[in-house]
Amino acid sequence: MNWVIPPLYAGTITKYVFVESYKATPDDIAARAYEVSGEVMIKETCFGLQITGKEEEVERVIAHIREFDPAHIYVKDRGFPPGDPRRCRANLGGARPGYFGHEYEMGFIRRIAVGLERLEESVPVAGDERKKVPEGLPVKRLMELIEQEA
Amino acid sequence: MAKVFIYPATSLILSDLVARFGHKPLGTALSIRERIQTAGLDSPPLQMTPDDAKKGLKWAAVEVPSGVRGRMSLFGPLIDQAEAAIIVNNPDFAFGCMGCARTDELVEFLVKQKNIPILELSYPADEDEGIIFVRKVRDFLTSLGGNS
Chain A
1 MNWVIPPLYA
11 GTITKYVFVE
21 SYKATPDDIA
31 ARAYEVSGEV
41 MIKETCFGLQ
51 ITGKEEEVER
61 VIAHIREFDP
71 AHIYVKDRGF
81 PPGDPRRCRA
91 NLGGARPGYF
101 GHEYEMGFIR
111 RIAVGLERLE
121 ESVPVAGDER
131 KKVPEGLPVK
141 RLMELIEQEA
Chain B
1 MAKVFIYPAT
11 SLILSDLVAR
21 FGHKPLGTAL
31 SIRERIQTAG
41 LDSPPLQMTP
51 DDAKKGLKWA
61 AVEVPSGVRG
71 RMSLFGPLID
81 QAEAAIIVNN
91 PDFAFGCMGC
101 ARTDELVEFL
111 VKQKNIPILE
121 LSYPADEDEG
131 IIFVRKVRDF
141 LTSLGGNS
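The listed protein sequences correspond, in order, to chains A and B. Residue numbering for the first sequence follows full-length UniProt numbering, starting at 1 and increasing by one per position. Residue numbering for the second sequence follows full-length UniProt numbering, starting at 1 and increasing by one per position.
Calculated directly from the structure, the hints in this document are not laboratory data. Some hints here could point you the wrong way.
[Said to hold, decoys possible] Beyond 12 Å from chain A on every Cβ pair, some chain B residues (computed):
(1) 6
(2) 8
(3) 57
(4) 63
(5) 94
(6) 98
(7) 125
(8) 138
[Stated by the list, open to error] 16 Å max Cα-Cα, derived EDC-like pairs, lysine to aspartate or glutamate:
(9) A/43 with A/27
(10) B/136 with A/55
(11) B/24 with B/105
(12) B/114 with B/80
(13) A/23 with A/121
(14) A/54 with B/34
(15) B/24 with A/117
(16) A/23 with A/69
(17) B/24 with A/55
(18) B/136 with A/121
(19) B/136 with A/120
Even glycine gets a Cβ: it sits at the ideal position worked out from N, Cα and C.
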């Protein structure tokens, strides 16, 4: 790659919005974001959105989106703007670097969603004081699986 | 609002929770953004340049592999300005592009040297642990003050 790339969208920020909800799809939150988009640039993706613009504008749009399903919409900063040829898979082929980290965390983010939904409950969690169970398949569970298959 | 260093520095979960509870997450994206929005002779075809491995010498010795020094040029300035830190221990995805065993150790060492409030966690393995995870993060961030 011998291109010279001038600074893109200087003075702006880009944020990822991830949605992992049974009530909302990326399409739904994109429609909601466009309602108040103002001067921001919005890109819809398979997992949610990328929003680029001045910080206060981006935060305003994100606050509006979050109201839809607060415990199932997640936001993080992104260094590159959308479509940057150094990162966009249209130029590189294959998954974008960084995708695997998102894939890993999205695999168990529903546990975080449960934590957020039950944040205000004063009842202690059963697991608060529980002993750490050693990793591996317990014999009892193995027997159950064998019986299921038989 | 406190500046909270997060590690893994690309973590969606930590970045979201820190911002959600009213503080500023310090993750790699901020360092990368600064690089790609700054004009320079390199106007880089890559976001990392050979100079980054030299900048990393501030945090890692010269015999340390250049990959670690390059990563430290991203993480080091964030650690320097951090007022608190949340670290997830041994996350699988901190081994690869984002980090390596030596970088993880060095980051943890530098954060602990700073004498700032630190929360160390593991990723939740089930829903109960998820509740505990979020509560611990919330309690930690609340203890930092500000508008969380």
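Taking the hints in turn, this is what the structure says about them:
The Cβ of residue 6 of chain B sits about 10 Å from the closest Cβ of chain A, inside the 12 Å cut-off, so the non-interface label is violated. With a least beta-carbon separation of about 7 Å from chain A, residue 8 of chain B fails to lie farther than 12 Å from that chain, contradicting its non-interface assignment. Residue 57 of chain B, annotated as away from the interface, keeps every beta carbon of chain A farther than 12 Å; the closest lies near 23 Å. Interface exclusion of residue 63 of chain B from chain A stands, the closest Cβ pair being 28 Å apart, more than 12 Å.
The beta carbon of residue 94 of chain B sits about 9 Å from the closest Cβ of chain A, which is not more than 12 Å, so the claim that it is off the interface is violated. Taking the minimum C-beta to C-beta distance to chain A, about 6 Å, the non-interface status of residue 98 of chain B is violated against the 12 Å cut. The Cβ of residue 125 of chain B sits about 8 Å from the closest Cβ of chain A, inside the 12 Å cut-off, so the non-interface label is violated. A beta-carbon of chain A is positioned within 12 Å of the beta-carbon of residue 138 of chain B; the least distance is around 6 Å.
Annotation: proposed proximity of residue 43 of chain A to residue 27 of chain A holds, straight-line Cα distance about 11 Å (limit 16 Å). Using a Cα cut-off of 16 Å, the hinted pair residue 136 of chain B and residue 55 of chain A is violated, with the two alpha carbons roughly 28 Å apart. Straight-line distance between C-alpha atoms of residue 24 of chain B and residue 105 of chain B comes to about 24 Å, which puts the hinted pair past the 16 Å bound. The hinted pair formed by residue 114 of chain B and residue 80 of chain B meets the criterion: a straight-line CA distance of about 8 Å does not exceed 16 Å.
Restraint check for residue 23 of chain A and residue 121 of chain A: not satisfied, since their Cα atoms lie roughly 22 Å apart, outside the 16 Å limit. For the proposed pair residue 54 of chain A and residue 34 of chain B, the alpha carbon gap of about 15 Å is at most 16 Å, so the pair holds. Proposed proximity of residue 24 of chain B and residue 117 of chain A is contradicted: the alpha carbons are some 22 Å apart, above 16 Å. Restraint check: the Cα-Cα separation between residue 23 of chain A and residue 69 of chain A comes to about 8 Å, which is no more than 16 Å; the hinted pair holds.
Restraint check for residue 24 of chain B and residue 55 of chain A: the C-alpha separation of about 13 Å stays at or below 16 Å, so the hint holds. Under the criterion of a C-alpha separation no larger than 16 Å, the hint pairing residue 136 of chain B with residue 121 of chain A is consistent with the structure, at around 14 Å. With a CA separation close to 13 Å, the supplied pair residue 136 of chain B and residue 120 of chain A stays within the 16 Å bound.
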